[in-house]
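Asker: Sequence:
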Amino acid sequence: MSAHLPIPFTVIGGFLGAGKTTLLNRILRENAGRRIAVIVNDFGAINIDASLVVSADGETIELSNGCICCSLAAEFPLTLYPLLEREPRLDAVVIEASGVSDPWKIGQFGTLPGFRLDGVIVVTDAETVRERAADPRMGRQIIGQLQAADIIVLNKVDLVSAEDVAATRHWLAEVIPGVRIIDAVGANVPLALLLGAHADRVGEAHREAMEDHPFESRSWEIAGPIGRAQIEAWAAALPAEVIRAKGVLALEDDAEREAVFQLVGKRWKVRRGEPWGDRPRLSRLVAIGLPGSLEGLEFP
Numbered sequence: 002m003s004a005h006l007p008i009p010f011t012v013i014g015g016f017l018g019a020g021k022t023t024l025l026n027r028i029l030r031e032n033a034g035r036r037i038a039v040i041v042n043d044f045g046a047i048n049i050d051a052s053l054v055v056s057a058d059g060e061t062i063e064l065s066n067g068c069i070c071c072s073l074a075a076e077f078p079l080t081l082y083p084l085l086e087r088e089p090r091l092d093a094v095v096i097e098a099s100g101v102s103d104p105w106k107i108g109q110f111g112t113l114p115g116f117r118l119d120g121v122i123v124v125t126d127a128e129t130v131r132e133r134a135a136d137p138r139m140g141r142q143i144i145g146q147l148q149a150a151d152i153i154v155l156n157k158v159d160l161v162s163a164e165d166v167a168a169t170r171h172w173l174a175e176v177i178p179g180v181r182i183i184d185a186v187g188a189n190v191p192l193a194l195l196l197g198a199h200a201d202r203v204g205e206a207h208r209e210a211m212e213d214h215p216f217e218s219r220s221w222e223i224a225g226p227i228g229r230a231q232i233e234a235w236a237a238a239l240p241a242e243v244i245r246a247k248g249v250l251a252l253e254d255d256a257e258r259e260a261v262f263q264l265v266g267k268r269w270k271v272r273r274g275e276p277w278g279d280r281p282r283l284s285r286l287v288a289i290g291l292p293g294s295l296e297g298l299e300f301p
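Heads up: the sequence shown at position 262 corresponds to 263 in our numbering, and the numbers run straight through without jumps.
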């Protein structure tokens with residue numbers, strides 16, 4: 002297990018009716034060749050095409066596209082650890098948090114050995130979120146879920162006016178300063194923005210994000226080592242409209258191993274990757290954001 006890179010671990014949270022299940026259905030249907038394990042509370046809500054089902058044993062459904070769907074066990078680690086042993090290796094694990102749970106707490110399971118917390122995605126309903134957040138019976142819970150988010154999917158924007166969308170975005174920016182927000186209809190969001198990929202799949206993320214979605218991406222490649230402080234300053238200065246960035250870096254202070262850079266929403270980190278060996282030390286990175294967000298943006 003130690004020979005493998007950690008498996009990216011993504012939590013999808015949000016209040017009841019926000020569109021989490023719609024998003025999960027899309028992940029299973031349009032997984033872009035990724036081998037994904039989706040862990041849910043209730044199989045019944047997941048719309049799995051019968052033609053994709055290879056086998057089902059009551060707790061796990063195997064799909065022909067390489068995905069699996071698992072029920073959420075009471076002892077959560079008992080569901081997670083067998084996933085580390087699966088061959089071929091999984092590309093991602095996605096957890097659906099229940100509509101009344103704290104997605105941040107579930108995200109802490111992504112720090113278990115063998116996993117890497119890739120992001121907490123919170124889906125919210127553009128039509129109802131401000132009203133519900135003001136309700137003393139549920140408001141504290143909704144605000145807590147939103148504050149746990151690395152990325153907020155502002156879903157169902159087609160049900161409200163452009164003025165209401167703008168007002169909700171402004172309100173979210175006040176509640177969670179610096180948060181990354183993606184507008185969506187039917188939870189239709191590029192998977193490259195939601196699910197982590199190992200750095201050698203950067204090019205695939207670039208192509209997927211540009212396909213049939215109002216997002217743009219930009220890639221860089223730099224020969225030779227760069228300074229860690231340069232990367233930190235670059236990441237800290239990115240505008241909120243840049244949703245995700247990822248790549249492999251050659252750092253001046255670590256000549257032996259590549260550095261893997263991941264940014265999701267406002268959270269980012271650099272971790273040690275594989276040995277360089279005989280490979281040329283190149284820094285390769287891609288950033289994905291809203292239209293206009295990458296104009297004039299340079300990689301240090």
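Hints in this document: simulated from the structure, not taken from any laboratory. Don't take each hint at face value.
[To be verified] Here are the simulated lysine to aspartate or glutamate pairs, EDC-like style, with alpha carbons at most 20 Å apart: (1) 106 - 86; (2) 270 - 296; (3) 106 - 88; (4) 270 - 233; (5) 267 - 175; (6) 267 - 103; (7) 270 - 254; (8) 267 - 184; (9) 267 - 233; (10) 270 - 255; (11) 106 - 175; (12) 106 - 136; (13) 106 - 63; (14) 270 - 299.
[As the list claims (entries may be wrong)] Simulated restraints on C-beta separations: (15) 63 - 280: 51 to 61 Å; (16) 114 - 167: 39 to 49 Å; (17) 167 - 31: 38 to 48 Å.
Yeah, the Cβ is synthetic: ideal placement off N, Cα and C, and Gly gets one too.
Asker: Next, verify each hint and record whether it holds.
Answerer: To see whether the hints hold, each was checked on the structure:
1. Annotation: proposed proximity of residue 106 to residue 86 is violated, straight-line Cα distance about 24 Å (limit 20 Å).
2. For the hint linking residue 270 to residue 296, the alpha-carbon distance of about 23 Å lies beyond 20 Å, and the restraint is violated.
3. Restraint check: the Cα-Cα separation between residue 106 and residue 88 comes to about 28 Å, which exceeds 20 Å; the hinted pair is violated.
4. Simply put, residue 270 and residue 233 have alpha-carbon atoms about 9 Å apart, close enough for the 20 Å limit, and the pair holds.
5. Straight-line distance between C-alpha atoms of residue 267 and residue 175 comes to about 15 Å, which keeps the hinted pair within the 20 Å bound.
6. With a CA separation close to 19 Å, the supplied pair residue 267 and residue 103 stays within the 20 Å bound.
7. For a cut-off of 20 Å, the pair hint linking residue 270 to residue 254 stands: about 16 Å separates their Cα positions.
8. For the hint linking residue 267 to residue 184, the alpha-carbon distance of about 17 Å falls within 20 Å, and the restraint holds.
9. The suggested pairing of residue 267 with residue 233 holds, with an alpha-carbon distance near 13 Å, which does not exceed 20 Å.
10. Between the alpha carbons of residue 270 and residue 255 the distance comes to roughly 16 Å, so the proposed pair stays at or under 20 Å and holds.
11. Annotation: proposed proximity of residue 106 to residue 175 is violated, straight-line Cα distance about 23 Å (limit 20 Å).
12. Between residue 106 and residue 136 the alpha-carbon distance is near 23 Å, which puts this suggested pair outside the 20 Å criterion.
13. Straight-line distance between C-alpha atoms of residue 106 and residue 63 comes to about 27 Å, which puts the hinted pair past the 20 Å bound.
14. With a C-alpha separation of about 19 Å, the suggested pairing of residue 270 with residue 299 holds against the 20 Å cut-off.
15. For residue 63 paired with residue 280, a C-beta distance near 36 Å fails the hint of 51 to 61 Å.
16. Between residue 114 and residue 167 the C-beta distance comes to about 44 Å, which sits within the given range of 39 to 49 Å.
17. Between residue 167 and residue 31 the beta carbons are some 29 Å apart, a value that contradicts the proposed interval 38 to 48 Å.
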